[in-house]
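> Modelling step: build the complete structure from the supplied sequences, incorporating the hints.
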Amino acid sequence: MPIGTVEEIMPIAAAEVFEIIHDYKRRLEWDTLLSEAYVEPEFSVADKGVVTVCRGRRILGSIAIRTEYVTFEKGKVAAVRMLEPTSFFQTFAASIRHLDLEDGTSNVVYKFNFTSRPPFIRAICEPIMLRVLKWETGKRLRSSRLLLNALLIDLAVKIRKLNDDFIDQCHSCSGCWHSVDYK
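Taking my numbering, I'd label the letters of the sequence shown as residues 3 to 185.
To be clear, the hints were calculated from the coordinates, so they are not data collected in a lab. Model, not experiment: these values are computed from the prediction. Watch out, some of these pointers could steer you wrong.
Claimed, not checked - Each computed DSSO-like pair below joins lysine-lysine, with the alpha-carbon atoms no more than 30 angstroms apart:
{"id": "1", "residue 1": "Lys50", "residue 2": "Lys113"}
{"id": "2", "residue 1": "Lys160", "residue 2": "Lys76"}
{"id": "3", "residue 1": "Lys113", "residue 2": "Lys27"}
{"id": "4", "residue 1": "Lys27", "residue 2": "Lys76"}
{"id": "5", "residue 1": "Lys141", "residue 2": "Lys76"}
{"id": "6", "residue 1": "Lys78", "residue 2": "Lys27"}
{"id": "7", "residue 1": "Lys78", "residue 2": "Lys50"}
{"id": "8", "residue 1": "Lys136", "residue 2": "Lys78"}
{"id": "9", "residue 1": "Lys113", "residue 2": "Lys78"}
{"id": "10", "residue 1": "Lys136", "residue 2": "Lys76"}
{"id": "11", "residue 1": "Lys141", "residue 2": "Lys50"}
{"id": "12", "residue 1": "Lys163", "residue 2": "Lys27"}
{"id": "13", "residue 1": "Lys141", "residue 2": "Lys160"}
{"id": "14", "residue 1": "Lys141", "residue 2": "Lys27"}
{"id": "15", "residue 1": "Lys136", "residue 2": "Lys27"}
{"id": "16", "residue 1": "Lys113", "residue 2": "Lys76"}
Structural data, given as structure tokens:
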């Protein structure tokens with residue numbers, strides 16, 4: 003059974019990264035592997051026991067994989083397992099662990115394992131599939147980091163504008179600490 007691990011340093015704390023990565027309404031904003039991602043209708047958001055569907059891009063065969071969250075500890079770790087075999091996967095499972103770092107950033111560790119179908123070509127297919135999955139997972143995590151960086155820049159611009167507006171208002175009043183003469 004092939005096992006892969008991919009890590010990426012994220013620009014914000016683990017809890018915030020966790021929320022964005024497991025928000026299926028925003029999933030396609032960063033997930034470069036998928037053309038469709040949703041929580042099945044009887045559920046509203048990702049959580050333990052929730053079933054999701056993720057469909058790969060057309061270039062990757064548009065394979066839809068139904069998974070169930072078997073672990074869901076907000077801000078820390080989530081894990082899924084595939085519910086039914088697909089044309090290329092007999093089994094698939096993955097976990098994504100979120101670890102806070104001292105500088106306010108976080109490390110995302112994505113681990114997965116699978117077995118391919120049909121069994122008689124596993125020796126040929128699995129090494130290729132492992133390389134492709136590691137490469138695609140790296141792209142996905144880098145894309146999520148880029149989205150988070152863009153959100154941080156957007157937030158910084160909005161804060162700067164609020165600050166500038168506040169300073170402009172302060173300069174127009176006489177009772178503000180900005181206009182006090184300390185001589």
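> Run the structure past the numbered hints and jot down the numbers of the failing ones, going up.
none
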